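> This is what each chain is made of:
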Amino acid sequence: MADKRMAGCKPFSKAEMAALVAADIPEGWHVNLGIGLPTLVADHLPMNREILLHSENGILGMGPVAQRESADPWIVNAGKQNVSLVRGASLFHHADSFAMIRGGHIDLCVLGAFEIAANGDLANWTTSSDDRSPAVGGAMDLATGARNVWVMTQHVTKSGEHKLVQQCRYPLTARKAVGRVYSDLAVIDITPNGFSVRAMAPGVTPALLQDLTGAPLQFP
Amino acid sequence: MIDKEVQDMRSALAGIKDGSSVMIGGFGAVGQPNALIEGLGQLGVRNLTVIANNAGFEADIGLGKLIGTGAVGKIICSFPRGSSTFDQRYRKGEIELEVVPQGTLAERIRAAGAGIAGFYTPTAVGTKLAEGKEVREIGGKDHVLEYALHADVALIQAWTSDRWGNLTYRGSGRNFNPIMAMAAKLTIVQAGTVLPLGTIGPDDIITPGIFVNRVLCVPDGDPPLASTKDADNG
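Sequence order for the protein chains is A and B. Our numbering puts the first residue of the first sequence at 1, with every later residue one more than the last. Our numbering puts the first residue of the second sequence at 1001, with every later residue one more than the last.
Hint data in this document are derived by calculation from the structure and do not stem from the laboratory. One should not assume that every hint holds.
[Said to hold, decoys possible] If the Cβ cut is set under 7 Å, some of the chain B residues that face chain A in the computed set are:
1) Gly1028
2) Pro1080
3) Ser1084
4) Gln1088
5) Gln1102
6) Ala1106
7) Arg1110
8) Ala1114
9) Ile1116
10) Tyr1120
11) Ala1124
12) Arg1170
13) Ser1172
[Claimed, not checked] Keeping only pairs whose Cα atoms sit at most 25 Å apart, straight-line, the calculated PhoX-like set for lysine-lysine is:
14) B/Lys1133 x B/Lys1074
15) A/Lys176 x B/Lys1133
16) B/Lys1017 x B/Lys1004
17) A/Lys176 x B/Lys1074
18) A/Lys158 x A/Lys10
19) B/Lys1128 x A/Lys176
20) A/Lys4 x A/Lys14
21) B/Lys1128 x B/Lys1092
22) B/Lys1074 x B/Lys1185
From a predicted model like this one, the values you see are computed outputs, not experimental measurements. Cβ coordinates follow ideal geometry from the N, Cα and C atoms, glycine included.
Hey, can you work out the whole structure from these sequences and the hints?
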């Protein structure tokens, strides 16, 4: 981030963001981690809690990405990587997998985002400037069906544009879906009154965070 | 005697015509019936509607290869990324695309096999994938009406079968296969092994043979290991 106002700030690294998310996941939750940044959360789950990872292609109890020499070619995650299974894992077909999601059985989904609005609207599947074929995967089902939806994202785009906004400009993935945002600058809840800051990265001031956010922030 | 096992590709795929709708199981390289898909590509049929999660990956394997032959006129899927043959034809307007959220795709297929005409789902409410569809408030929450998705043919990959078409799957190779087997008029299975009747325990059968029409034994081993750098969603 080339922003001069960032001097003296120490944004959370990707690993630190993942560790913050992981520390907030309670014992016993069934969790789906989206592709990209959210996948890192798996590496930081507390060893003393039983947390089950769900993969939408039919796995509950997913373990770490498999080493190539010991990988089972028949087990892949939603990102098509070969993964391992934990003791007690189960396998099922796609309709059951999305019944878990849509039916409210998945406690938490962690997703990436292009934009998050102050009312919890999420845009994370396509952008109007994107000329590639539109592809949604399981994002809409996850954002709509999981009991809690948390987003992991850089606070602003590479060109410095707001990602936390009053209203999404990109096509929506789901309405009023997101409950919390973990960015490189702050952890922010989405409340009936909009964005509410829970924590900030070292050196980040409320004034700076507000400048870098496209909607009013509450500092309870 | 019921014997659904066929001995060659021609018998397995008999009856697939120009314009047929074809469901294809698989998620990534796992559970994708590549031999049947490539056999289909050699039939020379055109204007197929393919229903699958993805639009293929490798240009020279399975669905990616089939699309490359020009046999597919339309694809209904959730995630058509990572397929060079699809991209080329889509950019030229040679293939029609219907994107469906993955869970809605699965449930539309399941509904077809279960005799359910349609259902109301909260997924996609307020998004452009719900445009033009009926929205109804049920229990204080908006839902979109989605219809069952039937097909003429389903191409299925199974781990084991018997001559009645009772099927087991392996690992995450189950994915769309069991629900697609139920949703098509003609269900054709590529099985790694065909075992004597009674060998697969009743407790272990995932797809009962009632949903299966033909079984071709294709002992083609394991799917290729995924690249550990591969990380495309959906």
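> Would you mind marking each hint as holding or not holding in the structure?
Hint check:
no.	hint	verdict
1	Gly1028	holds (4 Å)
2	Pro1080	holds (5 Å)
3	Ser1084	violated (12 Å)
4	Gln1088	violated (11 Å)
5	Gln1102	holds (4 Å)
6	Ala1106	holds (4 Å)
7	Arg1110	holds (4 Å)
8	Ala1114	violated (9 Å)
9	Ile1116	violated (11 Å)
10	Tyr1120	violated (11 Å)
11	Ala1124	holds (5 Å)
12	Arg1170	holds (5 Å)
13	Ser1172	holds (5 Å)
14	B/Lys1133 x B/Lys1074	holds (20 Å)
15	A/Lys176 x B/Lys1133	holds (20 Å)
16	B/Lys1017 x B/Lys1004	holds (21 Å)
17	A/Lys176 x B/Lys1074	violated (33 Å)
18	A/Lys158 x A/Lys10	holds (17 Å)
19	B/Lys1128 x A/Lys176	holds (16 Å)
20	A/Lys4 x A/Lys14	holds (21 Å)
21	B/Lys1128 x B/Lys1092	holds (23 Å)
22	B/Lys1074 x B/Lys1185	holds (19 Å)
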